[in-house]
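Chemist: Now for the letters of each chain:
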Amino acid sequence: MPEIDPTEYEIAALGPKITDIDDPEEIEAMLALERDGEDRVPVKTLLEDRLEKLTAEDEAVDPSEVDLSELTVADVANLVRDVDDADVLRDMLEREKDGQDRKTARSQIESRIESIEGSEDEDGEIEEVEHVPPEEKHPDLDHPTDEKQWVEGTVEGTYRDMWVYCETQQGELIDVSREMLGKARELMDDYNADPAGDRGVADDDSSGHYGGDEEGNPEAVVAVLIGDSVGDLTEEVLAYGADRVVYHEDDRLDRFRHKPYTEIFCGMCRDGDYDWRDYHEPRYTLFPATNNGRDLSALVQGELDSGLASDCSGLYIESAMISNPAKTGQAGDKREFERILHMKRPDFSGFEYSTILCIDKPNRDFHPQGGSVIPGSFEIPEAEPEPEGEVVEHEMDLEESWFHVDVTDYDQLDEGVDLTGHDVIVAMGRGIGDSPTEGIELGLDLVDAFEDADLGLSRGVITSSYSFDSHVEQYIGEDRQIGESGQVVEPDIYIAAGISGAIQHKVGMDESDTIISINTNTDADIRDFSDYFIQGDLFEVLPRLTEAVESGELPTALQEVSDD
Amino acid sequence: MTEHEQYEAVVVGCGPGGAAAAATLARSGIETLVLERGAEPGSKNVSGGLIYAEESAPYTIDDLFPDFREQATERPATKNYIHNISGEQVATFDISQLHHHDTEWADAVLRREMDSWVGERVHEMTRETGGGLLTDVRVTGLLRDQGEIVGVEMAELDPIEADIVVAADGVNSELARDAGLMDWEEPEEWFQGVKAVVDMPPEVINERFDIDDDEGVAHLFSGDLFEGVRGGGFLYTNEASLSIGTVFHLDSIAAERAEPHELLDSLLTHPLMTQWLGDEYEEREYSAKLVPDSKKVAHESPHRDRLVLVGDAAGQMQAQGPIIKGMNHAVTAGALAAEAYTTAKSRGTPHDAGRRYEQKLNEEGVMDKLRPTSYDIVGKLGETDSIASLTDTIAESALGRFGVRTLGEGVLERLFSSPRLMAMMPDTRTPYVTIPKIIAEELGEPVTDENTVEPPELDDRIGDLTYDVGDPHIELIDNSFKASGTAVTACPVSAKDFGGGCYRDEHVQTNGSEDHVVSLDTQPCVECGTCAVVADTHWEHPDGGKGVEYKDG
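Protein sequence lines correspond, in order, to chains A and B.
The opening residue of the first sequence carries number 0 in numbering that gives the first Met the number 0; numbering runs sequentially from there.
The opening residue of the second sequence carries number 0 in numbering that gives the first Met the number 0; numbering runs sequentially from there.
Same shape as in the complex, but just chain A (with noise of 0.2 Å):
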């Protein structure tokens, strides 16, 4: 008797069980039994299955006797993998030559002499893999860029440098163009900084430290500006870490545009010849991970013939163990790179993180290494008061051409109101409901009777379906929002007009001095954190509120119509 009887279980729940029975006649009697029960067919080609595969292990091959005909490409493949004779595998190959003779299976027991033998050949040499163009290898592919005179051009050339696109907005640097430098700096500081070795410290620190570049010469972070008027910022940009800034100015740069920005980014690193860069192309680039920036870091290293990782959130250089033979161009053994810009970016949303290289092949270098980087991944850097460095202003012709497209119109976002740093705050609720426009314009007023003071709006105003006339309409919105999911103030003075007073609404104001509230309801939760209370309806309190703001009287009103 088997232990497992299958015609009591259900197909679904018998397939895990038997994977782990190895004995053929412990199968063979289920079969039995289920052809006797159930006689299900499924479950007997599942049990059949389980018996060939068992039976068929039994049965050894010798491969220097096997006819080859006989098996399968799969089979010879399963058949290879167990022979570590070289010598067996080429008896093989001569068998398979003189019948078959299928390429498939050739290149099955080829591939396995090649992975025996190594990559060495008889003289102990290693044996590079043969490198076949693209446009040989695959003469029935359209190849539409073998007349570009950059692919498969630079080999072993120098590069040096961080080279950092800083993207501005309305003729400021954007703040990730800081923390870009920041980064920057801090990367090449650890790359120039000699080896731990040679420091007299272990030298089990994998980051950085390689003493500069292959002679020993430090590399420097070239910053970028382009666009109207960038020259006033290259102060700023050697500030946050720069060496050298470049920069290109033309009015008709306003605005980003891909073409032109792409023209200017590669003839400063590549094109144009520079008594101070006497280098092929940058080391490593780097471009902020907004709408611009993608925009431009696709089209750059497009036009430099390396690749992008984009989006990323983590950058360091380290060394690189590598084994693929594409890049080591040697099969089967591994390679170390060094200087590899590692590019850590999220994917899946941020559930996995991968890190990209981008290394040189044998017949292709991979350079600039460049990566795109999403704003607030790195720390904004103090800023150096008296910074040092070069600046260097680009010239190059702009052709008309590339100035075909224009951006004929655009909108600015609004900023928004920052209501913080008030001395007196006047917020409004859902009380103005029976006269929402009238209500507005009585909370404006008092507003305008003090010095400094602004209007604010409980989050069940600006979600309301009130009709407000268009004089007061432009105060109404998210941007004047008090509370949890708005902004949180803390005036001198905050009156609440028909505020009833949640805890949501409550820890956007309670740190305010002096709080006053105005409601019809005493039972208002608002009242238990007002340090004035008054009992009312907010149209015809506020004007009196404005009118002894109006004449210095406040205090003494307060006194009178509150009963807190």
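Calculated directly from the structure, the hints in this document are not laboratory data.
Simulated crosslink set (DSS-like; lysine-lysine; CA at most 27 Å straight-line): (1) B:K495 with B:K481; (2) B:K359 with B:K295; (3) A:K326 with A:K360; (4) A:K505 with B:K495; (5) B:K545 with A:K505; (6) A:K326 with A:K343; (7) A:K360 with A:K136; (8) A:K333 with A:K136; (9) A:K333 with A:K360; (10) A:K43 with A:K16; (11) A:K102 with A:K136; (12) A:K16 with B:K359; (13) A:K43 with B:K359; (14) B:K550 with A:K505; (15) A:K343 with A:K360.
Start from chain A and add chain B according to the hints.
Modeler: Structure of chain B alone, referenced to chain A:
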């Protein structure tokens, strides 16, 4: 069609149904990816609080997740009572027998704790298969290829293809609606439950309910507590808290313009509760959910193409009088769906799992529990208006009352304990309100304890439930009070004359005329789905990790 990420199985939602499906798939070595909208399994989930293991069920949750009862549940329900209430008159029946019928065990649970524990097991099991559990991901709809469902689309990730998609995404399943299998049209197809989790030290619970640490009580309440709104209440004992809630027919809530939080309060403040609640009332959490009425909506063919629906998503929630069972059916359905796929796959027809799943639901008797034939014949008849009022009148009449008196407590208690009778009950006022009321009047004893409980105001209840919803996930299509005004009262976090809720009614002056409208702020939303049924909305869940996050659930 572009290349998409591929998994063999994608399970949407990691409640009991999704977890059972994922665990069963993983056991067969099937590569399974589980997608959960919450920051953690359970953070979106609410239940009344009893999970059953039925003797007749092919799968129970502790079969699939060993140690479930030790690790993830509160107290077992060892005693069951129903209280028939009329004013201060209360007649109490012991219905333990009904609850023990076909019950291996029944435990009170809090869903955050339960589902997060189960979720960890699910992640361990599915990771072995090359998949795993991903949280903070909202599945927004189905991926189709030439009209056929082949996978899912998400707000946070690129589309994923799968040989089977298990939609265990709950009562407001966006997938079931995308596939056209479920809708939110008829209020009479739904119940709405609201619940308060009340803090109470274990020793106080033991004393007030006269139980030991390893015992627990389930109380049910019916009668005229609730101003004629059809439904009832419950109280379950947890380890260190009580789950007290009310469940009503949504059409009744809508028609009576009832405020769900007030209905809950009327239970909490009834003199009967004094013995259990004492003087100090500390509410930990207020929650709400829609409950499908399986008699009407349990889908008889819950699959389409590669999609199968399990649990609430398929309307698999059995609520028949005092029998309220949902999670156990979700577990069975989830495991059967997985089994169906495994079989279909081994036969070389993986995309044929839906048909096999449907077959298994019938063969294993799940369908018959969810949609009893006796209800289809007898119960529905009793719901037509003229018959309903006739039954009500007979019960109210002297003859009916005489019947109650003659039958007496013993017989009535036995009748209440008959699962067959309970399955036949029509959903009218008669069983929920009239009969219990009469029973209480004729057989009950007055309860005169003074109840000093002061339940929190709605704004304080919401205050503990504030979340970032991102962009509003519900859109009012028609904001006229006529079309959507019912939501102001029916929404469990809104109320008439309350400006801090989701739905507020407003009078707006435009060009001299006044419109009666409602406005919507989705910030306090608990994602129960009520307004999707009673108002004219475009309803979606908030994106992954956003929106309501229950601590107890």
